[in-house]
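First residue of the sequence shown? That's 1 in full-length UniProt numbering, and the numbers climb one at a time after it.
Calculated directly from the structure, the hints in this document are not laboratory data.
All clues stand as given, with none of them false.
Quick list of simulated restraints, FRET-style, between CB atoms:
| id | residue 1 | residue 2 | range |
| --- | --- | --- | --- |
| 1 | T35 | Q73 | 18 to 28 angstroms |
| 2 | M92 | E71 | 18 to 28 angstroms |
| 3 | D16 | W72 | 40 to 50 angstroms |
| 4 | T88 | D16 | 30 to 40 angstroms |
| 5 | L69 | F13 | 30 to 40 angstroms |
| 6 | T55 | I11 | 18 to 28 angstroms |
| 7 | Q73 | F13 | 36 to 46 angstroms |
| 8 | P78 | I11 | 23 to 33 angstroms |
| 9 | A89 | G54 | 13 to 23 angstroms |
| 10 | D14 | G34 | 27 to 37 angstroms |
| 11 | A19 | V62 | 28 to 38 angstroms |
The model shown is predicted, which means the values in this text are computed figures rather than measured ones.
All C-beta atoms, glycine included, are put in the ideal place defined by N, C-alpha and C.
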Amino acid sequence: EYFTTHGQTPILFDRDGNATLEMRKKPDIAAADGTHTTFFKEFEDNFDFFNFFGTSAAAPHVAAVISLLNEWQPGIKPQEIRDVLFKTAIDMEDYIDLSQQ
1 EYFTTHGQTP ILFDRDGNAT LEMRKKPDIA AADGTHTTFF KEFEDNFDFF
51 NFFGTSAAAP HVAAVISLLN EWQPGIKPQE IRDVLFKTAI DMEDYIDLSQ
101 Q
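Make the full structure from the sequences, and use the hints.
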């Protein structure tokens with residue numbers, strides 16, 4: 001997929017069920033999906049690889065990066081991990097179609 005969520009998701013109700021109109025700019029972090037894999041034959045591409053899409057594919061990429069950070073610096077704190085992810089991420093504020101580059 002060449003996109004992520006548009007962000008600015010409206011929150012229509014608070015935790016107590018009261019009407020509210022809160023806009024949250026989400027997601028905080030996005031990761032690659034649509035990557036080649038050896039399963040999910042129904043998503044085979046022109047390169048004879050199978051592709052895996054969505055949050056279920058993207059979340060393990062972030063988890064793998066975090067695991068590598070923990071290996072690189074044992075004892076790294078969650079806030080430090082977040083800081084590294086945010087400082088090294090590519091801003092997705094504007095739509096970017098990487099297939100056109």
